[in-house]
Amino acid sequence: EMDADPERPIRGVDKIPEVVVDRTAQIEEHVQRIFNSPHAFTADERTPFSDEVCITCHGRGMETLFNIEKETPERLNEPCLSCHEEGARSHWKGSTHEFAGLACVNCHAMHNERPELLKADTQMEVCGSCHLDRRSDFGKPSHHPVPEGIMQCTDCHNPHGTPGLRKLVGHTINETCFNCHAEKRGPFLWEHNPARESCVTCHNPHGSIHRPLLNARAPTLCQQCHLGTHSDVGLSGAGMDFRVQGRSCLNCHSQIHGTNHPRGRVFRE
Amino acid sequence: DEDDEVREAAQEAATVIANRPGMEHKVKREVRVGLGYLDDDSFRLGRFTGVNEEGWFLDLGFRFEGQDAHNSESARYWELEGRNLGLDSRRLSLEAGDQGRYSSFFYYREIPNTLYRDVGTPYRGSGSGRLRLPAEGGRATAEGFLQGRDLSTSRQGVGVGGRVNLDSRWRASTAVHYERKEGTIIRGVNNNHLWTQERSALVPVPVDYETTRFEADVTYDADELQGRLGYQLSVFSQRDGRSLEVPDATRLDWSDAGDNAGTVSLEPDNQFHQVTGSLGYSFADTGRVGADLALGHMTQDERFVEDVAGLPASLDGRINTTLVNLRASGRPHPRLNLRAGYRYDDRDNRTDVYEYEIDNLIRSTRPVSYTQDRYHLDASYRVHDRTHLSLGVVRDENERTFSDRKRTDETAYRIGIRSRALPRTSLNMELGHAEQRGSQYERQTAPEELRQYYLADRDRRSANLYASFHITDRIQVTPRVQWIDDDYTRSELGLQQAERQVWAVDLSWVPTDRITAYGFYAYENTEARQAGREALAFAAPRNWRSDRDDESVTLGVGGEYDLRPDRFTLGAEVLHIETSGRMRTLVEGGGGGVYPSLESRLTQVSLYGDYKVSENLDFRLRYMVERYQEKDWGIDGVGVTGVGNLVLLDQDSPDYTTHLIAGALRYRF
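Quick note, the sequences are listed as chains D and Y, same order. Counting with our numbering, you get residues -11 to 257 for the letters of the first sequence. Counting with our numbering, you get residues 53 to 721 for the letters of the second sequence.
Please keep in mind that the hints were generated in silico from the structure rather than gathered at the bench. For every residue, glycine included, the Cβ atom is placed at its ideal position computed from N, Cα and C. No false leads were slipped in.
Simulated coverage check for chain Y against chain D, where a stretch passes if three residues somewhere in it have a Cβ under 8 Å from a Cβ of chain D:
#1 116 to 125
#2 356 to 365
#3 375 to 383
#4 528 to 536
Same shape as in the complex, but just chain D (with noise of 0.2 Å):
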């Protein structure tokens, strides 16, 4: 947005430097962005803000105005957690983040006008800014649209913790991927056993630069489990053929995920 927040972040970092010039003359500005957000409703009675007003968050002596890198995560969390470890937060005590000593400030700034008071206009330069790895894996030619804005980080994952593994909004990784791929859920009557597991068995949903999102490209990948009556075969660039062109093993097993059908037992019908 052009000018709707002066703290307008650049891609891919949400680590520019806030040079202030002049703190006096900013502060109302400040001040006025915290009325234009949901803490500052009066009528909703959870909103402590309306009572206090700064000193809510601030502290009674308005401690952590200034200088809040040398206050404690536990400390400058106090305030958010009072009112919000409840529902998508209920797991954050405990959580990775949380037990990394993170604090909410490190990606939310409360007084902006952005949805979820995050620091950045998008969640990949938020989460970008720690998860340098993931944020290039989005730059592969194989990947989820995620920097096209299509999807977002919370579409898969909640940074305040969840029942999942790796802050996954699913109870499991599947269950999370099956939220959008659910014709791959099954059951099938042949069943591929490590794409009933895990699909990052054999994917990886960040990016890759083999597709479709493959942790590596067949016939290698599909090598590391087979080496079976034509499997077997130390197959290379100097022998192309059905077995490494085209899609390669894919090209007949392409029901990999599982199969209904009765003749399915080797994933080609």
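Using the hints, position chain Y against chain D.
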């Protein structure tokens, strides 16, 4: 001091604003009208947005929002937004509610995904349950009967839901999401030939999926105790029927190909029901215990595509899933932070094992069940004012049915340090070691020495470094290094070693109050080695080794210059991403060789200017040039009949230079 003056100024400002007499319901309206031009077809550039064909495109959007004044008697808000309305990625959303009382949402969205444009295939028809081949053609003349097809899918989704606060502690919410996915994808079809006959075709397969999800829950939130009880349902429907008949394009004469059509199964309808519950209790400021329970039931009862003696008419597939999660965290000592948890994840496949005869062979199905138990304990100790040392251990125990290894377990240890002791510096470092072992490996088929990599004995070492340095008030550098080394050398055959390293750094710099600049760089390398053995009928088996080396480099620089503060801003970014994938195989006694390199190279230069014409009108002009080139030996120059007895697609990897220019006016009123 000056800090205190600012503190006072803040509180004074807040008091003034808070006491302003009741303002009216505020409404903000914004309309965005944009026009852009793409100078060349390039399906990849806009594959998820719809901007991928040469010509003009419209970028229309609006955002209307309103909310009560902060000190009015209600806290009503609403927001109606339309985005990308002129494009295939259009979205319309509405949110409305009264904060603290209720909230509601509605959305409609479309998500395109262009896989390839104008791919040549001799197959005709789609969505009719049967593909066709031109009767006058045949494999040898297939090139003359190609028809261009666009491979793409489009998701159209609509959702509606809401939440109501029953009182200050109880809330109820519900939502329904419906999505339809339509289009054409490619699938390999083998027409039931033996592999030795090498006869397969890549065929366009229709996609017409429908998924409906329903969610409802009730939550209780008190100061110390929080709870949630929920239900969710997911119903998937395949609207294209249960099968597709595909004639065999590898036949020399297609006039009777229809008589020899094979039947492939399409994804069957399925359902998933799940009841979920959570309880959490906070105590003594930092302590919390919690439990989660999720009971799921998956079903699938689609009629089989052919009747087979020994098989019922449909699967009657049933799977029960159970998840139990117990967790506790707290601070028994001011310096010590602990967390521990136990997780039970069970997939109990109640689908019958079917044994039946087909093509004179007895087949026995393998409905997969598994149980995973996971225990973890982490401790973090504050050794110094702002320095923490952490230790952690995770134990995973897995049991599976119909698997070469009934049981695997992994114990992972990690030690880390995080510190902000040095001024302007934050440092996080972690080292890990994990060992996966398991029960006796019992392979049902040769070769006996093969170890499937996700079941195999594995030693994993890892290192992770993340740091942040404020070199000055105006410069910040953030490096990150990751390294994971997986050792499978107990596997005589199969994956033996995999090593992944990532080196990345972000740099941000504010040289003057009107200039911001940034850069980012990431290098990733994955190297893996696997071993195989060719079982030869008339000679001794030959061992082989295959090495894989994947690399990617990402480099970006950009910045903004406030030519006239609050009025005119110029920005630029250059992004370059290069990836490569190399593989080679060495066969004992000679043989094997190097695969050509898989490559992709993206260079993107963006320039933009934001100009504020008046108080409520601004204009943005953006120019972008994208150069993209990909090389894939699996498809480039191969042709439709260029490989053995396969019938492939007429396609080449994308290679384009495309310019995009777009201007947009935004008017607020």
